[in-house]
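These protein sequence lines map, in sequence, to chains A and B.
Counting in the numbering used here, the first sequence runs from 1 upward without gaps.
Counting in the numbering used here, the second sequence runs from 1001 upward without gaps.
To be clear, the hints were calculated from the coordinates, so they are not data collected in a lab.
Treat the hints with caution; some may be incorrect.
[Claimed, not checked] Heads up, simulated DMTMM-like pairs for lysine to aspartate or glutamate below, C-alpha to C-alpha not over 20 Å straight-line: (1) B:Lys1129 with B:Asp1149; (2) A:Lys239 with A:Glu356; (3) B:Lys1153 with A:Asp100; (4) A:Lys142 with B:Glu1047; (5) A:Lys142 with B:Glu1080; (6) A:Lys320 with B:Glu1050; (7) A:Lys301 with A:Glu356; (8) A:Lys178 with B:Glu1080; (9) A:Lys142 with B:Glu1119; (10) A:Lys239 with A:Asp157; (11) A:Lys198 with A:Asp100; (12) A:Lys142 with B:Glu1050; (13) B:Lys1017 with A:Asp311; (14) A:Lys301 with A:Asp243; (15) B:Lys1042 with A:Glu340; (16) B:Lys1178 with A:Glu340; (17) A:Lys91 with A:Asp114.
Treat the numbers as computed from the prediction; the structure is a model and nothing was measured.
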Amino acid sequence: MATSYQDLADNIRNKQNQRKLEMERSHNNNDEYQKPRIDGNGFERSASFNFELYNSIMSDYLVVLARRATRWQKLWPSSNQRQPKRSATIKRYIRKGVPDGVRKQVWMFASGADKLMKQNKGVYRNLLSKADNADVISSVEKDLFRTYPDNIHFRRDSDDSKCEQLYDVLIVYGHYNKGVGYCQGLNYIAAMLLLVIKDEESTFWLLVALTMNLLPNYYSKGLNDLIVDQAVFDKLLSKKLPDLHAHLKSHGVDVPLFATKWFICLFADVLPSETVLRLWDAFFYEGSKIIFRAALTIMIKLDERLRSKDDLASILEIFKSIAELPEFLNCHQFIAAIFEIPNPLSMDTIKQLRQECAKPSN
Amino acid sequence: MASRGQPQRPNGSGQSKICQFKLVLLGESAVGKSSLVLRFVKGQFQEYQESTIGAAFLTQTVCLDDVTVKFEIWDTAGQENIFLILPSFCRYLRYHSLAPMYYRGAQTAIVVYDISNAESFQRAKAWVKELQRQASPNIVIALAGNKADLANKRMVDADEAQVYAEENGLLFMETSAKTAMNVNEIFLAIAKKLPKSEQGGGGAATQGGARVVDINKPANNSGGGGCCK
């Protein structure tokens, strides 16, 4: 029997109380309870990780999560029950955050992956058993242990290593979407999906829905749509933050130098893992405009810092620090910000810019 | 303890200038480009190094007798389509660039292959050809046969690579990011070979010559600590 929402809410409250107790119990800075080296998604924290800041963010955020869990329970009591219809309420709920326990069902529903899976019974197993494309296999093999090597779930030597599942998902994807095969970056996305979805066939269909329905054709051989979207982002940047855009340009910092991974990995391995999950909540429901909202919000938050640096190395150094900055660690505030501070930003604007940028000069 | 990227200590006297060079690493996916950089810049090695998406930028300095060489290192993605994003982007936005930006204006390049992967050696040769055609005419190219610790899986003959390098005027070393063999050495050999005249003061994109930096204004070294303190 699946965990009920009430259980989930209770569970979160218990965790919160436990955390309080732990904090009261020990003022020792080296306490493992207060400073776990591994985060909730299995990622290793860096030596400079700011636990005090994180704990203060989490003590508020866990309250939010508990409240959201209760709300979701009323909205959609169980995955066995009829799916809710797409509506303004659902959209609002998703923007406010999907609790861990319901994330899988919400992602599968919001992205349309569950429909794909139902319509294509047996396809996954069939493709897996016949996989024979040597190019796909060798490229996937090369990246298999180079995907989140710092995550306990993807270490080669880990007992419950998900590497085998990751391998299967990527191999089947490469045979299903022959126009793409394997493109680097899909490894990070698929691995992140696996952490949430757990089951590999659902993960595969979610990857299909994400790359073939929700995104433009980002991972095609020439990556043309991805490059167009970087050009669109460049134009948005020049409109919204003209001074910063000029500053970066004058130091030779073109968008792809810092944002290639943002677009290819949809911020996986760029933003803190919890923030990535919250971003993907909205992405699965609302589509690719979320990427622009997130990218612009990051730039707005970094604006002053970037403009205070006067050489390429220092500018790029700021981009490297994103995963640890409080603005991005506080996922709840960051997600709220992406729906406010880049405004106005309509899908029509993005579509129009995509058309403009899609005509290369030669 | 891992060795730091300090091939040579400054002798303290006659240290008059810092020369800055743009260095680009090229080569097939998973040959060890990022690992060579991690070893050189931080003295570290990871058996499984994350695959590079886009390009990573790092800096490290090397001290010669009378000059400090600062490398601005572009570690590029091995998968070709990702490597080509930047030049395509510039074309879409109608920026005028002839050669891919990572090696446009690069004074030096390390082309890397994996000695246990014959195909990666062929790919390295293609990169050398591309550089000879497209990059700055005076570019210093080094060829690194990496993963030299995997001698029992060797697929590329060292003599063959050596002959190829000599024919094409390349520096050549077999390296191992894992054992640190020849890693500092290859960067040091490049530093020695680069022209350190003061002709090029016009920024990193200057063809050929170094960018000379005022020693009184130490550049912000973001790497794992340069040798000149």
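Hints, one by one, checked against the model:
About 27 Å separates the Cα atoms of Lys1129 of chain B and Asp1149 of chain B, which puts this hinted pair outside 20 Å; it is violated. Using a Cα cut-off of 20 Å, the hinted pair Lys239 of chain A and Glu356 of chain A holds, with the two alpha carbons roughly 15 Å apart. As the CA atoms of Lys1153 of chain B and Asp100 of chain A are separated by approximately 45 Å, the hinted pair breaks the 20 Å bound. A hinted pair counts as satisfied when its Cα atoms are at most 20 Å apart, and Lys142 of chain A with Glu1047 of chain B qualifies at roughly 13 Å.
The suggested pairing of Lys142 of chain A with Glu1080 of chain B holds, with an alpha-carbon distance near 14 Å, which does not exceed 20 Å. Annotation: proposed proximity of Lys320 of chain A to Glu1050 of chain B holds, straight-line Cα distance about 15 Å (limit 20 Å). With a C-alpha separation of about 27 Å, the suggested pairing of Lys301 of chain A with Glu356 of chain A is violated against the 20 Å cut-off. Taking the CA atoms of Lys178 of chain A and Glu1080 of chain B, the gap is near 18 Å; set against the 20 Å cutoff, the hint holds.
Using a Cα cut-off of 20 Å, the hinted pair Lys142 of chain A and Glu1119 of chain B holds, with the two alpha carbons roughly 14 Å apart. Of the supplied pair hints, the one linking Lys239 of chain A and Asp157 of chain A is violated, its CA atoms being roughly 49 Å apart against a limit of 20 Å. In summary, the hint linking Lys198 of chain A to Asp100 of chain A is supported, as the alpha carbons are separated by about 12 Å, within the 20 Å threshold. Note on Lys142 of chain A and Glu1050 of chain B: the hinted pairing holds, with a Cα-Cα distance of about 11 Å set against a maximum of 20 Å.
Distance hint between Lys1017 of chain B and Asp311 of chain A is fulfilled; the C-alpha atoms sit about 19 Å from each other, no more than 20 Å. At most 20 Å may separate the alpha-carbon atoms for a hinted pair to count; Lys301 of chain A and Asp243 of chain A meet this at roughly 14 Å. Note on Lys1042 of chain B and Glu340 of chain A: the hinted pairing is violated, with a Cα-Cα distance of about 40 Å set against a maximum of 20 Å. For the suggested pair Lys1178 of chain B and Glu340 of chain A, the alpha carbons sit about 48 Å apart, so the restraint of at most 20 Å is broken.
Annotation: proposed proximity of Lys91 of chain A to Asp114 of chain A holds, straight-line Cα distance about 18 Å (limit 20 Å).
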